[in-house]
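**Student:** Line order of the protein sequences matches chains U and H. Just so we're aligned, residue 20 is where the first sequence starts under the working numbering, counting upward by one. Just so we're aligned, residue -17 is where the second sequence starts under the working numbering, counting upward by one.
Treat the hints with caution; some may be incorrect.
The following residues of chain U were derived to be distant from chain H, with all beta-carbon distances above 10 angstroms [what the hints assert, rightly or not]:
{"no.": "1", "residue": "Pro130"}
{"no.": "2", "residue": "Pro153"}
{"no.": "3", "residue": "Pro203"}
{"no.": "4", "residue": "Arg236"}
One side only, chain U facing chain H, incomplete, derived with CB under 7 angstroms [what the hints assert, rightly or not]:
{"no.": "5", "residue": "Thr75"}
{"no.": "6", "residue": "Gly76"}
{"no.": "7", "residue": "Thr145"}
{"no.": "8", "residue": "Ile149"}
{"no.": "9", "residue": "Tyr197"}
As a list, the in silico EDC-like pairs of lysine to aspartate or glutamate whose alpha-carbon atoms are at most 20 angstroms apart [what the hints assert, rightly or not]:
{"no.": "10", "chain 1": "U", "residue 1": "Lys190", "chain 2": "H", "residue 2": "Asp55"}
{"no.": "11", "chain 1": "H", "residue 1": "Lys37", "chain 2": "H", "residue 2": "Glu390"}
{"no.": "12", "chain 1": "H", "residue 1": "Lys77", "chain 2": "H", "residue 2": "Asp140"}
{"no.": "13", "chain 1": "U", "residue 1": "Lys190", "chain 2": "H", "residue 2": "Glu57"}
{"no.": "14", "chain 1": "U", "residue 1": "Lys190", "chain 2": "U", "residue 2": "Glu229"}
{"no.": "15", "chain 1": "H", "residue 1": "Lys37", "chain 2": "H", "residue 2": "Glu599"}
Simulated from the structure, these hints should not be mistaken for lab results. A virtual CB, placed ideally from N, CA and C, is assigned to each residue, including glycine.
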Amino acid sequence: MPRRRRARFGWTALTGIVVLVAAAGAHGQQDPLCPYFAGCEFEAPGFTIRVVDERTGEPVSDAHVMAIWIVYGMYGRKGPIMTLEAVSGSDGTVTFPAWGPLRGGSTGLEPGHDPAISVFKPGYRTLFVINPTPLSQELLARVHPFHRAGQAFALVPFQGPAAETIAELRKAAYPLSYPSSRAPQVVRDAYVHRYRRVRVELERLPRDTEVSRFLRRLDEEIQAYRTGGDR
Amino acid sequence: MIVRHWIASGSLTIVLLACPANGSAYDVRTHGEITRAAFERSQRVADYLTAVGLKSTDTFALGEVTTSRLLADFENTGTARDWMIEGAIREDDLKSHPGLDTLGCEFPEHVPSPIDRSLNHFFDVQRGGRGLTVLGVTLGVPAPDWALGRQGRGPDPDQNQFSLPDARDYQLRSLIAAARDERGRNTALLFRALGQVVHLLEDSAAPQHTRNDPHAGCVEVITGQHSWFEEYVETRALNARFRRRGAISPPLIVEGYEIVATRPYQDFFATASRQGLADLSSRNFLSAGTNFSLLFGTCGGLPEPVCEPATYGQEPRSFSIRTVDGALVEGTVTVYTRDVVDLMAGTSIPRVPVSSRSVWDQHLEQRGLFPIFTMNTINYDAAADILLPRAAGYAAGLLDAFFRGRLEAGISVTPNGNGYLATLQLTNRTPGETMTGTFTVYADDQDGVRTELPGARWNLTLPPDTSTSQLTFVVPGTTSPGPWIVAFQGTLGTEAGVIVAAQPSAVYVGRLARDYFYSERTWSNPPLVYEDDQDPPFEDLTFFWTRTPWVAAWETVTRWRLDFLEYSSFGPERTDYAVRAEDSFMVFYTPPGGAISRVLELSAGAGGGCYERSRLEFSVYYYRQFGWETSAPVSSAAAEIVELEPPPDLATLFGYSHAAPPRVLGTLGRISTEQAGPTLIDLGEARFFGVRLLTRPGDPGPLLPPAPYYPSGDSYYSVTVSCAVSATPRFR
């Protein structure tokens, strides 16, 4: 590259960086350079929800609830930057603690999945709730609260044929993107515990090819998340 | 000066560090869907599988399947198609770059690889066909060179082992490796390699890949913004939402473009006449980093499409988007349109919105103060709906080209002294291309161990639609009756190193018959009893069997009496009473992997039934002979189709007899002369099956009183009950 061109590039790059830094101020609480060089930090406040039976309105206890915050990854692949789990108490209440700050990617968290809630309780259809992220909330915003905190969510009783049950169990096992096997222990544990609960229900079904394959896959995932690292 | 050098060298360092991120292509499930469509549309892939005795449901190397979690939730069930899809996904394998985490580059979980494959996924077709180049530094080899093994291929871990020539190597080993597992593993590798090759062709339908527009989204200043186009298309592939949108993205369209037939392989990417897929995407579309711009309006320095917004059509386009929180975002953008010219199909698609200008951001979410050029989902949809069906059509064409060789092999085997004489005839059915190379025949034993048959290798030149002479070789009786496979390795047309295969379609049809004769003569004791088995039972009916009605099974019982009056000796009259019976068991053997379907259709109006026939003959020595005959139906007849235990070798197959038949494994179906329509029998995995009569002929009963006789002769009287079922077979 000729020297003059190199110099032009250098100054252009420097000017660009300054402009970008200035523009990054729009992200407010974030480190303004984070989208460009170091990745951004994210956090979420704690919140509580309730789980009830749709038919009776009574609280549902022992439901496994996951709150999943999805971060964009390179190649368009996404994964949870944080997943928290909790089990509903006798009054159907589920409480998630605050987390963060954690450093994630440079593109931000996915609206609607910041967090999404997955509720699994045998005897009910798997419930998936997306976050009504307001348009005013930047993807790169540092704080991503659940905007339906404090609300009650109704589970629909379900008892169906094996094929439909498997579909429900799949929804429960794979609510969103997979965490990396290098993800923090708390994230991996949430998935392992969900997989185990799904596994118990799967074992009750007549063993055919699909059930066997599903079981094998769950076992692989459990193994991967327990040991960590790429396979 | 120091600052300039710092910036330049620092930037370069970052580029080199960040380089793996530059090459992301259509996202993994988009590749998967395009590849699935290509696989399913390619008739030659289906023909190849049939030719080598594989079914689309066969699975390979299940222990080596990559877990779904690392394939964006795609579940590889081990079939050829799924291995190809896994290959299409895994062409994006990359190295681990722990250092980049600190720069904000969030890496997806991936299968560890010694190479960042995606660096070699670019093809800057308008600038001499170079690979990915950032700030004048070449970071990867051109995609066609990577795909076709011209650059970067080799045995080292950091070299490419999934190029087109690699696919050929795997293909050969999938046919001739001794162990069944090894052949299965190489079949998996063959289809995985082809998936990786078609991934690169599919990337040629991504303008960012053919316009040298890095789009990693990691250290964006250097590597470009994350590709929202590819992100959006992926949501279409996954039936998912895009960003803040409340609604699911529309389904991906990958169908609707004719399969491209062109040669050589390079022409799928680019041609001098600009008919390649990269020509189409690069010269007709803009990309996020090479879009019109008010400040840097060079469109990446590319001449096509012309970087003059004023020369494009301009149309207002309204949009209305409901977001996840229920808000409604409405507005209008001005789309810039042009006619997209498809030189391969010779068509023009009018008024395609290739760019937009408005106060809205690229996601149609935020309103700014000034109008800017962007690309948004209106442009993404327009581009994807044109480019992805073409990606599938070109990819299917490449697969068709890879498997275009067609070989026909007819074979017959007959006992020959201590061995068996095989007579083979090969025909080159590849349209317009001569085969020059080595033809070799292999056979599997019952454990699936494949070996080259002695004396079964020929160096031949076979023009199209030409057959060899009868090629003969003798094999021992321990040879498996099948499957056999003929593998060609050589030059097809002008392409060297081509592999073509066929399974000789030998079919054995035999009749295990017993002829039973019992005679109780009035003057002899003990009675004469005679039994005979047909030997050998099998005939070679390779070329005729499907055209010949089966005399599926029959059995007869005849009771007869012969009265003699021996005038010459004036002796007493004598009467012979005898019973003669014959029954048969038809057997059909086609070795595994033959090109027959698995449903047997026995045609309507199965012939046969049970008949009683009476015959009376008089013989007058030297003068005349006369008599009469009557025939009347007695009952209908039925037969069953049974599955038999396959023979382990030729000697066993030819050694079956009525007295020592193959073991019956189970009943597959039943045919009856009473049935009106065709009977369909699912043969399942059965390759050796027999037809056996269920209706037994009844005893003809007592004979009539002795017939009158003439002074110089004798009389013969018989009653026969005969049952048979015959039908014309057809394999669906």
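**Student:** What hints, given by number in increasing order, does this structure fail?
**Tutor:** Going through the list in order, the structure violates hints 1, 2, 4, 5, 6, 7 and 15 and respects the others.
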